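Protein chains in written order, with this note's numbering: chain A, 1225 to 1536; chain B, 3 to 333; chain C, 137 to 667.
I should point out that these hints are in silico values taken from the structure, not numbers from a laboratory. Keep in mind that this is a model prediction, so the values were computed, not measured. Keep in mind that the hints are not guaranteed to be accurate.
What the hints assert, rightly or not - Selected chain C positions facing chain B (Cβ under 7 Å, derived; list incomplete):
1) Asn177
2) Gly182
3) Ser312
4) Gly323
5) Ile367
6) Ala376
7) Pro463
We put the CB at the ideal spot given by N, CA and C, even for glycine.
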Amino acid sequence: MPDTPAHSEPSRWQRIRQSDLALSFLASKVTVAAAFVAVVMIAASVGAALIAPHNPYDMAAIDIFDSMLPPVWEDGGERRFLLGTDSIGRDILSTILYGSRMSIFIGLTSVALSLVIGVTLGLIAGYRGGLLDSIIMRLAEVQLALPTILVALLINGILRAVAPPTMVNDVAVLVLILSIGLSNWVQFARAVRASTMVERGQEYVLAVRLIGIGPMAIMFRHILPNVMGPIMVIATLNLSGAILTEATLSFLGVGVPSTRPSLGTLINVGTDYLFSGAWWITIFPGAALALLVLTVNLVGDWLRDALNPTLG
Amino acid sequence: MIRYVSGRLTQSLLVMFIVAAVAFALFGFVGDPIRQMITEDASQAEIDRLREIMGLNDSVPVQFWRYISGAVQGDFGVSYHHKRPVGTLIAERLPATFELAGLSVLLSVVIGIPLGVYTGLHRHGRLARGLMAASLVGVSIPTFLLGILLIYLFSVILGWLPSFGRGETVAVLGGFWTTGFLTTSGLRSLILPSITLALFQTTMVMRLVRAEMLDVMRADYIKFARARGLGTRTVHFRHALKNTLMPVVTVIGLQLGSVIAFAIITESVFQWPGMGRLFLQSIQQVDIPVMSAYLIMIAFFFVVINLITDLAYYSIDPRLRAGALKGNAHA
Amino acid sequence: MKLYQTIASSTLATVVAVTFAAQVQAQENVLRWSSQSALANIDPHGTTTALPLSIFSNVYEPLVGLNSDMELVPVLAESWEVVNPTTWRFKLREGVTFHNGNTFNADDVIFSMERVGNRYSFLRDRVSMIEEMVRVDDYTIEFITREPYPILPQMWTSIYMMDKEWAEENDATVPSNSVENIESYAGQHSNGTGPFRITERVPETRTVFEPFADYWDEVEHNLDRVVYIPITQDGTRVAALLSGEIDMMYPVPIQDIERLQSNAGTDVLIQPELRTIMLGMDQNRDVALHTNTGDNPFKDRRVRQAVYQAINIDAIQDRIMNGLSEPAATLISPLLFPPAGEMERHPFDPEASRALLAEAGYPDGFQTALVCPNNRYVNDERTCQAVTSMLARVGIEVELRTMNVTQYWGVVGRPVQDFAMYMMGWTPGGLDSYSVLFNLMGSWDEESGRGRINNGDFANDRIDEIIALVESETDTEIRDALIMEAYQIVHDEVYYLPLHQQTVVWGVRDGIAVTQRADDYFQFRTARFTD
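Okay, chain A solo, but in the shape it has when bound (with noise of 0.2 Å):
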């Protein structure tokens, strides 16, 4: 469907730019600057092989005497390690870098996939309605039945199970992404089933049933693109929470083992030395985290609140 986007979007595109999106996010100087913040730190982190310092994954690089450091203005800090050094001596500077690629990573995929799954449920439950919908939307509630974090750890638990445990690290980045990803789909389908009823009784969806064309090209082609809107906040405001949800699972040990660590990895590492003194490898990546989560929310806030006051 490359070509379906951009028969439509550059007109929403125009539409959006001369509106009132535009200008209350330049009017917005707080959103700007997170925007700017959020897109900073996720340019960093995808160029991560670039700009870190050293590589935390070549271990022939570690020297496990430089483990411990402190950043570079305390007493003992050292010139090559800026934000100091972790308990086996990597950079935290560059393992903040590549952990938040990795947080990013996940999260953005994790985001896509509920996004895949909860439009097209949505879509489907909308526009056919009757006993498929019904059973998307018993689905729904039996999954809203639960607080995400619960059902990820489920998820997160059964595809462990199922996975050999010396595979688990090899998996543990598709695990977490599934795990996250299956948990938030709901919102997705509830929107778009929602808008889909109203689109689906539009002029226009009429017109084109008239003119022949099946229900699959009318759902994705006609009615997806008039509902991208709620979609885009959802994602958005999802984005900071899948990154924290992969955050606390790894916090709960179930998440990026630490030979590839996440910022949640890290974190949960780093707690162990918090106590000690040694609040570098704790705080830093803390702070990395909290910064990108705020940023995001805040573009997604805005978002919300300029695209469509009343979502919940």
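We have chain A already, so just place chains B and C on it with the hints.
Positioned in the frame of chain A, the structure of chains B and C alone reads:
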């Protein structure tokens, strides 16, 4: 009416069954409980013997059926690790979790609603914007990090508050319930964990109330009320807030459930002797009876709360009643 | 607005009052201490886990115990002798009473042994060598074993004696178990002969012990009460000691030792532990798992030695263990087998390591994988990470797979053995070298169980011979020489990569004296308030 209620009940039972099945399926295969009970030098014969006597060699459906039929009678088995009935284990920890969760919900409501009303009414005010920004900071800090930082500051550096546990507790209601509200050390112990747990919920309540306020303020009847010349205060509190509260109350009910679930993290950070910590420990110890019982219980809370909420909505909102007849209660 | 102010200020006042409320200082000597386990069940026969068993040792007592130097000492048995290779006669101590006032005698011993031997008891294997128990008189009992069992007393140092009458009155004759859904009365109540009795229990919160007035032995403590408070997380436990919420705790995480030492008012006790940490390698499969060479490089002694010499054990001791480990040259602590102290490690030498690899046909190294537990030994995961980075420097690229101990045994143990390299720790049963030889170094023999923990499955005929000889050798000097010979073979052939012995670290508040033991058993009777 009866059709609607019975429909909802059936649905709830279905949810419970699915959760039970998933809980059982999930944890039946995570690690090997035997491995947790033995040491490096356990002999194969010993391991085989334990497998046999624990019924782990039975087929999965047999194990599941044994579990379900016990659970329905309130018998969740005896914990592998603690060697005590799971029901007792949970009952002993229930008060700790409920007091923590209850206080947190209370805090989040007492702080969240006024802030939400304020930010809703003064949407563009400086303070309101500041509060909104602060609330975002609140939701952006991971619960576990917040808890650890609070311990570091108030327990380790300042030495003001205890870093773990419930302090002294008092048995009340004939020993059925233990409470930390009646002793100084119990109250002191509640401060940090309840703040940790409440922060996220507070910001949620505040943002929700604000959103509802904004919504209601745009509604026609508010405009009419204003047009009728009613005072701002009357409009705001008699009409706007009142209409905001129903969804808010509902959400608070649901919050209680999610607070209990989120308490897993807080309890693990503060060594709070509650159900969440029991659950986490049971995951680490592959204590299947405890894990499944906990999940079923949480699901049960949620289902009951959901059911009550739905029925309350149903009795209040006539539109739902009309919808229910068409089998479309959840548009 | 006034209302708000009132509420706000009164709330603040309450918080402040609660926060600063001075705790009532008890006049009594109350020792509050902490470790990890929650003690949900206090049945002395219901667990094999070290921590609860160690805590129960204050309440219940065995026939034979270990003193703080890890030597066998009589406790409820006054003496014992080997009548013939399969008959042990124990003379019991007279004048011992249980906490409920009942007298301890031979009936209680037979009852307790039977209770431990219950088919659902986890400790059953420690008494399964008994064929028959003969009650000679009230204070004499004979144990007849199926086969000669030279280390019988060593096996029984955590088999605690329970009162027969009390158990029968309270329907506690079977230990708690999850199979028949039995929760024994003894799981929630206690009645031992030990110097302390349990007076209060709040699950997950505290267990209170008070001295037993009619205890049979002299005690040196001056305690009025002991409160055990479980705190699972290391950091929290340290914080609690620092803030004065507890008086004593263990284990202290290595990274917090300095903090407890430098802090006025707290200190640490350090003692070497008996467990030896090592790495093992698959020396059996023709093609090693998770390894890219197409063969099994670890079958070549040169490769094993290359790995050995690539490990900078001093760096691990210094940076990971903060100096608190004793690098080991073989698989037993010199504390248990002094001649082991004379052995020397192959020197750390990356150059030699690379040369050995080249000689063995892997000039560019190879890729392999290492399995490690991440919650079992002191800084286990970090040690493995350090090893990984050290091996990377000689060209061996190791993929580190860490897992919690529950999954770990399933992966490393027989029959799965899904590893190329693995980490393991071992404390010899009965604290004797025979256990090391038989379990870790013998070749796998399903029938006798020899080589059960030889997960790498190497085989050396001479070692197997030595095991058979050591089993029946009674002359200590010859026996020691044989054992040394086996250790030397393991060293020369590099069958294992020994790393170190860890340390036992206890944190204590000033003004309290306790006796630390290498087995981590905290005996309240040795604790004193000194201020």
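Outcome of the hint check:
no. : hint   : result
1   : Asn177 : holds (4 Å)
2   : Gly182 : holds (5 Å)
3   : Ser312 : holds (4 Å)
4   : Gly323 : holds (6 Å)
5   : Ile367 : holds (5 Å)
6   : Ala376 : holds (6 Å)
7   : Pro463 : violated (21 Å)
In terms of the numbered hints stated before, the structure departs from hint 7 and from no other.
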